[in-house]
Amino acid sequence: MNRESKTITPPSRTPGKKTGRRVVSGLFGLFILLALVFVGGDARKEFHLSLPGPVIGLVLLAAGFLLVERFHTRSHRHLKLHVAPVSRLLVSQMGLLFVPVGAGIITEGDVLRREWLPIVAAVIGSTLIGLIAAGWFMHRFAPKIQLGKI
Amino acid sequence: MNFPDILQSFLWTAITVACYLAGLGLRRFAHNHVLANPALISMILVAILLLTTHTAYAVYFRATWVLTFLLAPATVALGIPLAKNFAHVRQSMSGVILGLVAGSLTSLVSGVLLVRWLGGNKELALSMLPKAVTTPIAMSVAGQIGGVPALTAVLAVLGGIIAALTFRTVFGILRISHGHAIGLAAGTAGSGLAASQAAELGDGPAAFAAIGIGLNGLLTALVAPLVATIFK
Numbered sequence: 032m033n034r035e036s037k038t039i040t041p042p043s044r045t046p047g048k049k050t051g052r053r054v055v056s057g058l059f060g061l062f063i064l065l066a067l068v069f070v071g072g073d074a075r076k077e078f079h080l081s082l083p084g085p086v087i088g089l090v091l092l093a094a095g096f097l098l099v100e101r102f103h104t105r106s107h108r109h110l111k112l113h114v115a116p117v118s119r120l121l122v123s124q125m126g127l128l129f130v131p132v133g134a135g136i137i138t139e140g141d142v143l144r145r146e147w148l149p150i151v152a153a154v155i156g157s158t159l160i161g162l163i164a165a166g167w168f169m170h171r172f173a174p175k176i177q178l179g180k181i
Numbered sequence: 301m302n303f304p305d306i307l308q309s310f311l312w313t314a315i316t317v318a319c320y321l322a323g324l325g326l327r328r329f330a331h332n333h334v335l336a337n338p339a340l341i342s343m344i345l346v347a348i349l350l351l352t353t354h355t356a357y358a359v360y361f362r363a364t365w366v367l368t369f370l371l372a373p374a375t376v377a378l379g380i381p382l383a384k385n386f387a388h389v390r391q392s393m394s395g396v397i398l399g400l401v402a403g404s405l406t407s408l409v410s411g412v413l414l415v416r417w418l419g420g421n422k423e424l425a426l427s428m429l430p431k432a433v434t435t436p437i438a439m440s441v442a443g444q445i446g447g448v449p450a451l452t453a454v455l456a457v458l459g460g461i462i463a464a465l466t467f468r469t470v471f472g473i474l475r476i477s478h479g480h481a482i483g484l485a486a487g488t489a490g491s492g493l494a495a496s497q498a499a500e501l502g503d504g505p506a507a508f509a510a511i512g513i514g515l516n517g518l519l520t521a522l523v524a525p526l527v528a529t530i531f532k
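Chain order of the listed sequences is A and B. In case it helps, the working numbering puts the first sequence at residues 32 to 181. In case it helps, the working numbering puts the second sequence at residues 301 to 532.
With the rest of the complex left out, here is chain A (with noise of 0.2 Å):
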């Protein structure tokens, strides 16, 4: 009775309880996240480093992530299972998350009124020389069997 009970376990439950799981496993990776801003910000105290302290946790993530890739399969397991969702869901909605920041627009109106044309011939400008300049210098300077044709 007990058996049959088990296997003819409604489906309708296991979402739930996916859910469940994956909100810990999201946490637990926030968690990760957050301790590498805090160990970043405390290097660019303790070392006084130019860098941010969410960039330098950027690199010991990234660091990290290829070291445990080669020598510590479990670890890797466990970065690829609770961290790199979480990590898909920020990046991917980032958006959001600097609209507080970029409302801040609205006390710049000044600015945007008396210098409008340097703002947008500078934006225009220089990200045109840099996707000109990074795409020839790869394109001239990369060994070319290794570059993917479209």
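Worth flagging that the hints you see were computed from the coordinates, not collected in a lab. Glycine included, C-beta positions come from ideal geometry on N, C-alpha and C.
Just a sample of chain B residues kept apart from chain A, beta carbon distances all over 12 Å, derived: (1) Pro304; (2) Asp305; (3) Ile306; (4) Leu307; (5) Phe310; (6) Arg328; (7) Phe329; (8) Ala330; (9) His331; (10) Leu335; (11) Ile530.
Selected chain B positions facing chain A (in silico; Cβ < 7 Å): (12) Pro373; (13) Val376; (14) Ala383; (15) Gly399; (16) Ser410; (17) Gly411.
Following the hints, complete the assembly by docking chain B onto the known chain A.
Same frame as chain A, but now just chain B:
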């Protein structure tokens, strides 16, 4: 934090999320067109709401601290795509490094010079400096070197849109047809927005775009303070 503060915090955060969802809806309605950028749309909607309700920006900014707080872990999270695609860097080391350094330095220097040449002030030049990199890194770099983070956020999104709109045409004219070079350039000069467009060209361009975003964020954070002191 007393009761009205919590209520206000909840209200403004909910409004911001609602504006962002509206932006996402608009983007789907516009068939994922680059101009329908959810972040830009929600910034405009929030700005209109703040101006019509006569809310001080400082009040709104304090109320939505949760979102700003999450920016830091989101920046760290960019390390995952960088690490996953790092094998590609080893394959074409010289090209990636040269392309990256060239794209990064030219866009840093040309931004400052164009602003100064056209009569913009120093604050604007410093806000323009890091605008090519992914917005959260651009903002923290801007704050560090004496620019205005809010201005940099808007400039970064606009630059990303311009890169995303033009890169196919630009590389068509220059007859650069190598997917990896196009991907790297899109990620380096246009960060997330151009990268998502480049990702449509295939897995190779997508990987190199992710590398471009991550490495240019790192390089700009390192070099921008130096460039800022030179052009002061």
